[in-house]
Structures are given as structure tokens and as C-alpha cells.
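Visitor: Grab the two chains, each in its own frame, and use the hints to assemble them into the complex.
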Amino acid sequence: MQRREILLALAAAVLTPRLAFAERTPSPPGAEAYIIWPPDGATIPTGKFWVRMGLRNMGVCPKGINRPNVGHHHVLVDTDLPPLDQPIPSDRNHLHFGAGETEARIELPPGKHTLQLLMGDYNHVPHDPPVYSKKITITVK
Amino acid sequence: MNRFLVFAASLALLAGGAAHAGTTPADPKAIVYIGWPNDGQVMPAGRPFRVWFGLRNMGVAPSDVEFRNTGHHHLLVDTDLPPMDQPIPSDRNHLHFGAGQTETTLQLPPGKHTLQLLMGDAHHVPHNPPIYSKKITIYVK
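Protein chains in written order, with the working numbering: chain L, 1 to 141; chain D, 1 to 141.
So here's chain D without its partners, still in its complex pose (with noise of 0.2 Å):
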């Protein structure tokens, strides 16, 4: 019976590993990245800011449309990525850009918030291999 468990346990946890993805493929080459603000920047508090919104070797579409190697900008913010293989959850932590937008202005609460892209395809689900940029800090001053 325990030996059961274990079992089980282990086809749980490959599940989840080889869950880690959507179906859509992405251009393994491609990059988001946030284009502006700065990694460590310091925003002045009460003043939206503009946030830009970089991708390479990859298009920007709107949501429901499905073409080759295209996506739609999340902008996650003061949270982790979420699970990849579901669609990405639309709050005002995941900020959902599927009218195919390539930059937003923000504004934050004074102090420390991050700041991070994450595509999603047609049905706001992440691509295979997901492409997310790196995970920025910023202080509202």
C-alpha cells in the first residue's frame, strides 16, 4: 500500500512536470523583455509611468487570433509566474494586453513592486516553450 502511494505520488509529480507548458509553439529563439522601466528604477509615487514592452524573433497579435509564432503582452505585477499550462489568470496582478497593445502606463502604490512580461497565445494560455522576460524590481518614491 505504500509502496502504492509512492507510485501514485511519483505519476503526480511527472504530471506536473511534463504539464510545465501550452501546446502553442514559440520561436525557441524568441525574447520579451521589459524595454522600459529599468531593473532597480526609482518611479516617482503619483505619476502613471509608461511601461514598454520588447519582443524579438516573435509577433504580437491580438487575443483569439492564431497565427504562426504570435502572442499577446501580460504584464504580471508584484506576483510569480503562474502555471504555464493553464490560461494566465486575468486580476490586477496579470494585466492582460489582447488587444495586441505594446507598451501601457502603470501607476503603483509607494514602494518595492516587480515587474514582469509573460506572452500568451490565442486562448491566453503560455506558448511551449513559455516566453516570459525576466522579473524586474522597482520603488515608487
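Next up, chain L with everything else stripped away, as it sits in the complex (with noise of 0.2 Å):
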């Protein structure tokens, strides 16, 4: 008895992360996120610029509303991706948009900086499969 609660304590360890990886939101076929501005190589005359951001065969929805096909942008700055099971961590590197904004105004220290979009659900954890655009690079003067 004992034993068996043992092994059922361990499938249940084991199971669990599979689980949670299966409750991911869906995402819709063909969903694509991409950066509209900057462009990737772009240099940027002053730190402080608009980001736009790109969404096809998908919708934007803010945070907390599960409705299919939809989700909130979160733009990575500096980092790469985060684990794609998890809510996106909130931090300077990850900057969310959860009241459905679809530019932001983004001010970066001079230098090399690199830039990606991620689509992130009502509880801001990436979709599955998930919908990241490419990761540029720009230059602030």
C-alpha cells in the first residue's frame, strides 16, 4: 500500500508538467507575430522610439479574458526566450502589454539591443505552439 502510494506520488510528479504543458492555449494556424518597426539592422537616432507590433491570422485581447484565437503582446528586450510552458516573467527584458496595446513607446540606452515579440495568453503563458516573432537587432545612437 505503501509502495503503491510511493509510485502513484511519482506518476503524479511525472504526469504533472505534462499536464500543465497541455493546457496551454491553442494557438490559431498560420499565427504569425513579427515586428513591423524597428527594422532588424535599423539604427535608431534617439533612445527612445515607438515599437510596432504585427499579428496575422490571430487576434489581440488584453490579459485575463480567455477567448479562442487571441492574445497580448509581450516585447523581449535584451533576452531570449523565455520557457515557453510558463508565464512570461515581468521585468525591464520583458515588457508586457496586457491592456491590448499594439505599439509601445520604448526608450534603450546607446548600443547594440536586441528585440523580439511574444504572444502570451489571458495568463500570459506563451501558446501552443507558441507565436514569437524573429529576434532583431538594432542600434541606438
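These aren't lab readings, by the way, just hints derived from the structure by calculation.
Every residue, glycine too, gets a C-beta built ideally from N, C-alpha and C.
Careful, some of the hints might be misleading.
Said to hold, decoys possible - These stretches of chain D come out as covered by chain L in the derived footprint (C-beta under 8 Å, 3 or more residues):
(1) 46-55
(2) 61-71
(3) 87-101
Guide: Put into C-alpha cells, the structure is as follows:
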């Protein structure tokens, strides 16, 4: 009996992460996020600029609202993709646009920076399959 | 009697003047614009083209979603602005993007066409103040 409980606990431990994975919100086929502006390789004359977030075959919806085929934008600044089965971190490298914004005014210090878009569902978890853009590099003068 | 008619007419005019917006507030700094095509652009006939919806200081939310300072895009094709205190009509001249889309593809017959964006609230009624773009003209040849 004790052994059985241990086995059950083990099975649960192994299965739980998969269940969490299975609960991710499906993304619609053909969904694509991309950065409209700035273009890859752009040199920005001032540190303050608008980032325009593009999305195809999918819709934008504020956080906290569970609807099919929607998500909200996150701009990843100078960082790689976070774990795709967990809520996207919220810090200066992971900017959340949970009010349904499709453009953002961003300020960066001079130098090379990377930008990448990643869609999150109503709980800020990436979709399955995840919808993210190409990572672009820009130079701020 | 004549006087009464004038009074009734001015009341009607005033009522019309007061009801030029819906009741959902929007940030007065919100700007909607057509990111592409450009005003005056010539587009090749027989080929669909992309229209991007630009929105600043406001967010996108699908229809029926009530979330502060959000709305969904409507693309007006070859028509003037509809009444601002009523739901935006839904027909071939008033295209609704109630799934939170931020771009679309369009194919138009050869000739001169106009495009204009108008935000609608959860119930497809323009905001107060109404948020609409400049009306642009394109030529399909």
C-alpha cells in the first residue's frame, strides 16, 4: 500500500508538468507575430522610439480574458525566449502589453539591443505552438 | 405655431448635435491610423494587398470585451463616417474586426477607393471622443 502511494506520487510528479503543458492555449494555424517597426539592423537616432507590433491570423485581447485565437503582446528586450510553458516574466527585459496595446514607446540606452515579440494567453503563458517573432537587432546612437 | 416649429426644429438640431459620440470613454490622446497603404498609393489590380491598423495610446480588444480604453478596428471602404452614436453598420463598406485583428488583406476592383479606420467599443459603437483615422485614397490599377 505504501509502495503504491509512492508510485502514485511519482507518477503524479512525472505527469503534472505534461498536464501543465497540455493546458496551454492553442494558437490558431498560421498565426505569426512580427515587428513592423523598427526593421532588423536599424539604427535609431534617439533612445526613444515606437515599436509597432504586427500579428497575422490571430487577434489581440487584453489579459485576463479567455477567448479563442487571441493573445497579448510581450516585447522581449535584450533577452532570449523564456520557458514557453510558464507565464512570461514581467521585468525590464520582458515588457507586457496586457491592455491590448499594439504599439509601445520604448527607451533604450545607446548601443546594440535585441527585440523580439512573444504572444501570451490570458494568463501570460505562451500558446501552443508558441507565437513569437524573429529576434531583431537594433543600434541606438 | 411657426414659432413652435422653429423651437422643435432647434431642439432636434441640438439633440443631433449632442449625440455625436457613444458613451464608452477613450483616451483623448488615442490615435488610429492606417500604417499601410499610404495615402495616394497605387496598388496593382487583381492582387490582394495588406492593410495595417495602427493604434496609439489605446488597446485592442475583441467585440463584447469590456476593458478600459480598448476597442476593435473597423475599416470603412468607399464610405463616409457613419453616425457616431450608433453601432457601426456591418456590410461591404464597413468591415468589422471583432476578433481583435490588427491587419487584414483586401482586394478591390480597379479604380479610386477610400479607406478609413474607426474604432468601435465592445458593442461596435464609436467611443467618446470617437477615434478614427484620416481617410486615405488609393488607386487600384
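Visitor: Are three or more residues of the stretch 46-55 of chain D within 8 Å, CB to CB, of chain L?
Guide: holds (count 4)
Visitor: With a C-beta cutoff of 8 Å, work out whether three or more residues of the stretch 61-71 of chain D approach chain L closely enough for the coverage to hold.
Guide: holds (count 7)
Visitor: Given that the stretch 87-101 of chain D was listed as covered by chain L, double-check it with a C-beta distance under 8 Å for 3 or more residues.
Guide: Per the Cβ count (4), the hint holds.
When the structure is compared with the earlier hints, no violation turns up for any of them.
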